[in-house]
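Q: Chain by chain, the residues run as shown.
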Amino acid sequence: MQLHYDADTEKFRAELRAWLAAHRPSAEEMRAEPTTSSAHLTGWSRRWQRELFDAGLLVPGWPPELGGRNLPPVQQLVYHEEMAKISAWRSNNPQGLDIIAPSIFDYGSEFLKQRYLVPTLRAEIAWCLGMSEPGAGSDLAALSTRAEVHDDQFVVSGQKIWTSGAHHADYCFCFVRTDPDAPKHRGISVLIIDMKAKGVTTRPLPDLIDRDREDFNEVFFDGVVVPRDHLVGPLNQGWSISTGSLAHERGMMWLSSAARLDGMLERMLRMAREPGPDGRRIGESATFRDELASLYVDAQAIWFMGYQGFAKFAKGEGSPEHSVLKLFGSEVAQRAARVATEAQGVDGLEVEFHGTGEVEGGGEMPWLKRYLQSYGGTISAGASEIQRNIIAQRVLGLPRR
Amino acid sequence: MDFEITPEQQELIDSVRSVLATECPTALVRDIVENGSAPEQPWKSARELGWTSIDLPETLGGLALGFTALGLVIEQHGCRIAPGPFLATTAQFLPLVCEAGAPDQLERFAAPAGAGELSGALAIDHGRAAEHAAGESLRARRDGAAWILEGERRYVLDGDVADEIAVAARVDAGDGVALFVVPQGAAKARRVVAFDASRPLAHLRFDGVRVESERVLGTPGAGARALGRALERATVAAALECVGTCQSLLEITVEHAKNRRQFDQPIGAFQAIQHKCADMFVQVEKARATGYFAMMALAEDDPRRSLAASMAKAAASDCQRLVCKEGIQIHGGMGYTWESDVQLFVKRAKTLEALFGTGARHRQRIADLLEI
Numbered sequence: 234m235q236l237h238y239d240a241d242t243e244k245f246r247a248e249l250r251a252w253l254a255a256h257r258p259s260a261e262e263m264r265a266e267p268t269t270s271s272a273h274l275t276g277w278s279r280r281w282q283r284e285l286f287d288a289g290l291l292v293p294g295w296p297p298e299l300g301g302r303n304l305p306p307v308q309q310l311v312y313h314e315e316m317a318k319i320s321a322w323r324s325n326n327p328q329g330l331d332i333i334a335p336s337i338f339d340y341g342s343e344f345l346k347q348r349y350l351v352p353t354l355r356a357e358i359a360w361c362l363g364m365s366e367p368g369a370g371s372d373l374a375a376l377s378t379r380a381e382v383h384d385d386q387f388v389v390s391g392q393k394i395w396t397s398g399a400h401h402a403d404y405c406f407c408f409v410r411t412d413p414d415a416p417k418h419r420g421i422s423v424l425i426i427d428m429k430a431k432g433v434t435t436r437p438l439p440d441l442i443d444r445d446r447e448d449f450n451e452v453f454f455d456g457v458v459v460p461r462d463h464l465v466g467p468l469n470q471g472w473s474i475s476t477g478s479l480a481h482e483r484g485m486m487w488l489s490s491a492a493r494l495d496g497m498l499e500r501m502l503r504m505a506r507e508p509g510p511d512g513r514r515i516g517e518s519a520t521f522r523d524e525l526a527s528l529y530v531d532a533q534a535i536w537f538m539g540y541q542g543f544a545k546f547a548k549g550e551g552s553p554e555h556s557v558l559k560l561f562g563s564e565v566a567q568r569a570a571r572v573a574t575e576a577q578g579v580d581g582l583e584v585e586f587h588g589t590g591e592v593e594g595g596g597e598m599p600w601l602k603r604y605l606q607s608y609g610g611t612i613s614a615g616a617s618e619i620q621r622n623i624i625a626q627r628v629l630g631l632p633r634r
Numbered sequence: 012m013d014f015e016i017t018p019e020q021q022e023l024i025d026s027v028r029s030v031l032a033t034e035c036p037t038a039l040v041r042d043i044v045e046n047g048s049a050p051e052q053p054w055k056s057a058r059e060l061g062w063t064s065i066d067l068p069e070t071l072g073g074l075a076l077g078f079t080a081l082g083l084v085i086e087q088h089g090c091r092i093a094p095g096p097f098l099a100t101t102a103q104f105l106p107l108v109c110e111a112g113a114p115d116q117l118e119r120f121a122a123p124a125g126a127g128e129l130s131g132a133l134a135i136d137h138g139r140a141a142e143h144a145a146g147e148s149l150r151a152r153r154d155g156a157a158w159i160l161e162g163e164r165r166y167v168l169d170g171d172v173a174d175e176i177a178v179a180a181r182v183d184a185g186d187g188v189a190l191f192v193v194p195q196g197a198a199k200a201r202r203v204v205a206f207d208a209s210r211p212l213a214h215l216r217f218d219g220v221r222v223e224s225e226r227v228l229g230t231p232g233a234g235a236r237a238l239g240r241a242l243e244r245a246t247v248a249a250a251l252e253c254v255g256t257c258q259s260l261l262e263i264t265v266e267h268a269k270n271r272r273q274f275d276q277p278i279g280a281f282q283a284i285q286h287k288c289a290d291m292f293v294q295v296e297k298a299r300a301t302g303y304f305a306m307m308a309l310a311e312d313d314p315r316r317s318l319a320a321s322m323a324k325a326a327a328s329d330c331q332r333l334v335c336k337e338g339i340q341i342h343g344g345m346g347y348t349w350e351s352d353v354q355l356f357v358k359r360a361k362t363l364e365a366l367f368g369t370g371a372r373h374r375q376r377i378a379d380l381l382e383i
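Going down the list, the protein sequences come from chains A and B.
Using the working numbering, you'd call the opening residue of the first sequence number 234 and step up by one each time.
Using the working numbering, you'd call the opening residue of the second sequence number 12 and step up by one each time.
Worth flagging that the hints you see were computed from the coordinates, not collected in a lab.
Predicted, not measured: the structure shown is a model, and the values here were computed from it.
It cannot be assumed that every hint is accurate.
[As the list claims (entries may be wrong)] Result set (DSS-like, lysine-lysine): computed pairs, CA atoms no more than 30 angstroms apart in a straight line:
1) B:K199 / B:K55
2) A:K346 / A:K244
3) B:K199 / B:K358
4) B:K55 / B:K358
5) B:K269 / A:K417
6) A:K545 / B:K269
Just chain B, with the same shape it has in the complex (with noise of 0.2 angstroms):
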């Protein structure tokens, strides 16, 4: 396994960071966080310097440069809790598209999405991981050629804003998973108070929704194939994320304990402080090593894929557990206020570890994939 990063991908990274720093400073989290402005930035930057087609095919007007440098990008983006639809739409609604469209559905919905002209979103049920994320409360029955959507999915990133939301469905009569791309309106939205308000989630209410068989993902009752690896995907991407927003609370909080002064000294130096901060050290090596082998097995189709994506959402999690926790603390009671930037970094964390299966959801996942 060679873990090494390539000059290139080394460029990526450098770059992705430095234009983040720009263009997405915390103030602009916070400036969403309080007064609900929805900005250009960072999502203008990410389609005009190629981010959002990094993954997708040279057919498809993409960079083709795999799944690797897509998580590598997420992960600074979760460096600066970025807001806006670059992950929605690069790491869940392509994704789906990609393994389940057929080519003209790829022209219509996948190269748009690449190009920066249309974002996307995913509806699955987050409560039930991988294979199991076509939950029953949203069903879909023949009518002709069409389908008709009946049901609800609910906290769905960017569910009312994205312009396009795949979205995967129990076939009314079986088990089988049939997914579908349904325009923003199609279904009722209805925007959550979200605990991490830089991130917007809602619910979708499809009442009788009418799906055109232009529409239809691959064969309904088939989907469930493509629906899990594109799941692998979004939840590898999840993991990522969140990795780059502890290594960022890290960071804050190792310079907190730094400068903080008590009893005449950095609290730094305080052995009860390091030894906290080396713990936190050691969770974000770990999460980061492991949602890298993660990337690395779905971008070369590794056969340990399903057990490696597990692995890394798992890893986060733990992760996100201390760093999340000890951050806060070593903050003292700066870290307990509204205006230091932890809360901002904490809520995202918590955000992610909430969608795409929590770590325990994960765990009992490679519990069976070991078969244990």
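So that you can see chain A by itself, here it is in the shape it has in the complex (with noise of 0.2 angstroms):
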């Protein structure tokens, strides 16, 4: 246990951060092409994502071939952390790039990597992951959407809901019944649905925070043809690719939701250098400078919660700890920005920036937005009731019901 890494190491965050310095987008290109989905790749994320991908910084955990650089465990940690303090993502598709590129690689046939897993590196396509029903939320095996099963193609009919960034997509990664008659587990199947197939469509469904917010859609199935060479993994074995592409996306998740939430932090922070309401400094409140400093420890404290996961990691055990860091994480955030909008009181009510997040030089998305939006963070990726019952029952072994 020590606070500091080897010098080979830092020798490599070094080298990264000099590259970070020349290559990444600058805040006025991204200003002027803005991103509206999670599926949208501009022209200078495209860029941005491709040079990555070049230099082998993309996937530093893969061969160079796939955008990496075989870098060793501690190092990809040291790669993450500093990816998480720059204001650009690595990847606009990021469901593509950290969920769909991870799961073809471990479960797609030879033609589908062929296909679709380097231009999904190169940001050549972006995608979007159909998990999610109407009637299948947290109770994501209940999924409903049939694709009948013929000898050369599916033909998928049915509907998708929350799908971020579909209206943009080339592709869905869908989750479709493939079995109605075996156990709700052992039915699904997972195909690539083209986005621009016959029968596909999107409505784009704004989010509460304001209505030209559009990253979620409905999409709708009728009728739409397959072909059987676009099945991933085995037939009616898609409930084991969930477990796993939702696992890739919690394995570094972590570290972006703790650079947000430290970013939150040093907001907070200047905010309590200004005057409240009252015209007093906001600092001054008792109250709020105990919230802060709770928050402070709280905020430190999923790093370390991070960084004790990942030593696990690194060996290779599994870890649901990652439950802990997405339920606490996912709340802390909450409750930083609800103590920023009571201590803003009346002055938070007046609402100008139309942005979608904390973006360098474009300004800082309202508090009492903020707040409605970390609501997003509580109930996606498994709602914090979810993730009690596996800490509980995965964790702890107290019993299913």
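Hints in hand, dock the two standalone chains.
A: Here it is as structure tokens:
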């Protein structure tokens, strides 16, 4: 146990920082062509992701032909630390890069890997992830989008919801029911569906923050024909891919949420020096001081817990403790936003900014909107209640009902 | 940041855990609480196995494994709610002597404490955390080469049983901090009827206690820095012991939830109980990770050490608050009884919360350090 890494690791960090300083997208180009969804590959974002790929800095644990450089786990951690600190995401299609590409790598046929893996990594194509349905949210295995199995093709009918970026995506990595008679976890398969295929329609579903914020969609499949070779993994074995996909999502996701929370805390530390609605410095309030110090401890603790989990992960031990990070991180972010809104009081009611986050140079999201946005964290990717079930049952060994 | 426990550290943890499981069963703690007995164990094992000298340099006969190793040992003591002089000697008395003592004083006090030949305590003002812990309630005035102590120090852990007591006082003229080591008996000790009877606390009354120059640590008036640094160790140690105690309380509670049946099923199958247990687990993980960070920051003398120490105590505070509450609640009526061991763990955790600054006090300090 030590706070500092070895010299080789720190040398890599220094090289990476220098590279990022030279190649990261500028605030001007990001502002000139803003991202409007999680599958919206803008010009600058394609250029940036392609440069990361070519430099072996996109998926550093993978080999050079897949945009990596076979880095050992600790250097991968340092990589993600540094990437979390810059304002641009590694990819403007995070589900494509972090969930779908690793799933194709792990489960896809040679044909699918050849056809989709490198183009995804080089930001030539964008993806959406077809999981939730109106009747299958937390209980994902209850999904009912049906794929009839024929000799040479599948025919898909049904509906997905909360599908991020579907209106911009080229393909959908879609969970469908291929055996309606099997127990619910054993009748699911994964198909790659061309979003331009006949019978696919998308309808944007703005979130509660602003009517023009369109990332979510409803996606309707009406007799969509999917070639048989676009099945990912074995037929009816899709559930294990779903747990695998989500594991990819959780693996390093805590770093970006920890970095985002640090950003919120920095904002609140600045806010403490500004006048509140009563004209006095916000930081003079004993309540605010106590809350902010408490939030600071929790925000730092996320890093420490992440490093602790990483020590297990690097040893190859499974780590359902990722649930702890997801649960705690999203709830702390929500508490931070709530504390900030309460400190602002009536001054928080004026909301001009229409952006998607704490965007450098693009202004900051008003706190009340940020507070609403925090519910995306406690609901999506396994709601807090589901995470508590996982911790209770899989970590603490309490019985399932 | 590398949080991976090394094989040597794991070996240490396993060894301490297994020795304490044998030598420090909960029944032993209960016996102290109910009968006031003063057992040899687990101090005897700690002495024989060298745990007492784990954070001392080799020149003083120590194992020189650093504060990280000491912290891990203390966490294990917390898991067993271990009684005895280990915490006060290794994590309260020794840090101050080592921070402020001259070489001959280290030979005289630190080496024998490391060898387990003498036990120590630390007398500070627990009502004020960190740099203000040398509160005015104890004053020191010069008398030739010697010093006279006047006033009191309250809630001194092992204050009436430790062989030697490190004392922080305020210099009479001015605000300076003066540090001393006084032998047991120099001050009038009054045993407190303590909430956790396995943790003896005493009020020490100093009525003109004369301290010879050989027992003065460092330069009187200039002791604030040494005191602050020693208190960071004491604070983090209290936090880590609290983490261990909370870990055990969580385990006992989860075990109860698996075994206790109502409505024809284990109560642990109810989501209401599961979610409480999950939240307890999160708090324990948070407090442990924060405590480990602080442990490393002190071991490496990192510039973040003050902030880290206060964060560790604040996180331990959050943790014990929830774990004690839900630990009793989930045990139901049984948790409300004297016979249940839950009360022993709760009392230890609440005692550790109050010593060396409560969570709220440390959050104030964090706010100060962050210049909020």
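Q: For every hint, state whether the structure bears it out.
A: Hint check:
1. B:K199 / B:K55: holds, 27 angstroms
2. A:K346 / A:K244: violated, 33 angstroms
3. B:K199 / B:K358: Between B:K199 and B:K358 the Cα gap is close to 26 angstroms, so the pair holds against 30 angstroms.
4. B:K55 / B:K358: Holds. B:K55 to B:K358 sits at ~24 angstroms (cutoff 30 angstroms).
5. B:K269 / A:K417: Judged against 30 angstroms, a Cα distance of about 28 angstroms means the pair holds.
6. A:K545 / B:K269: holds, 27 angstroms
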